[in-house]
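Visitor: Sequence:
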Amino acid sequence: MPLRPGVWTRVDRGSFEEAIEARMREVEARAEAAACAAPGLELMLVPFSRELRILPRELEDSLFLLMPRGPIYGFEAVAAAPGGGTVPLGAMVIVGIYDERSGEGVLVEDNWIDAQLMEVEDLLRTAADQRQRDAM
1 MPLRPGVWTR VDRGSFEEAI EARMREVEAR AEAAACAAPG LELMLVPFSR ELRILPRELE
61 DSLFLLMPRG PIYGFEAVAA APGGGTVPLG AMVIVGIYDE RSGEGVLVED NWIDAQLMEV
121 EDLLRTAADQ RQRDAM
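Oh and the sequence shown: position 121 is 121 in this note's numbering, straight run, nothing missing.
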């Protein structure tokens, strides 16, 4: 059963990770348009560690909270200048979350992906403008 974005679905983690990999490739392709907005800088989307969680495991286990207990899938947005040097943009693109407690996962809906990519584009454009001012 394909996962529908925006709907928490009971799915084994392996199947969820296959779906998330496909979704992440799709998001990377969509991010290429954002990269065109900032001449002189390249947008790099660095995948999160598979261990990134909302809370550390120790807190997940000791606190009963109504939040997912499991990994978050997505990217950190980084600007790269030709010839070297990278600068984190201070933005993330969240693509999905898996809740190990319930065995459910969710892919982030397109409208939320688009909103995150617009923020990344704005930050990248600002970084490019700052780079041009610094070069003067």
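These are calculated hints, taken from the structure and not from any lab test. Treat each hint with caution, since some may be false.
[To be verified] Here are the simulated distance ranges between beta carbons:
{"no.": "1", "residue 1": "ARG133", "residue 2": "PRO2", "range": "45 to 51 Å"}
{"no.": "2", "residue 1": "ALA81", "residue 2": "ARG13", "range": "36 to 42 Å"}
{"no.": "3", "residue 1": "ARG4", "residue 2": "GLU51", "range": "22 to 28 Å"}
{"no.": "4", "residue 1": "GLN130", "residue 2": "ARG4", "range": "37 to 43 Å"}
Even glycine gets a Cβ: it sits at the ideal position worked out from N, Cα and C.
Visitor: It remains to establish, for every hint, whether it holds in the given structure.
Guide: Each hint, compared with the structure:
no.	hint	verdict
1	ARG133 x PRO2: 45 to 51 Å	holds, 47 Å
2	ALA81 x ARG13: 36 to 42 Å	holds, 38 Å
3	ARG4 x GLU51: 22 to 28 Å	holds, 26 Å
4	GLN130 x ARG4: 37 to 43 Å	holds, 40 Å
Checked against the numbered hints given earlier, this structure breaks none of them.
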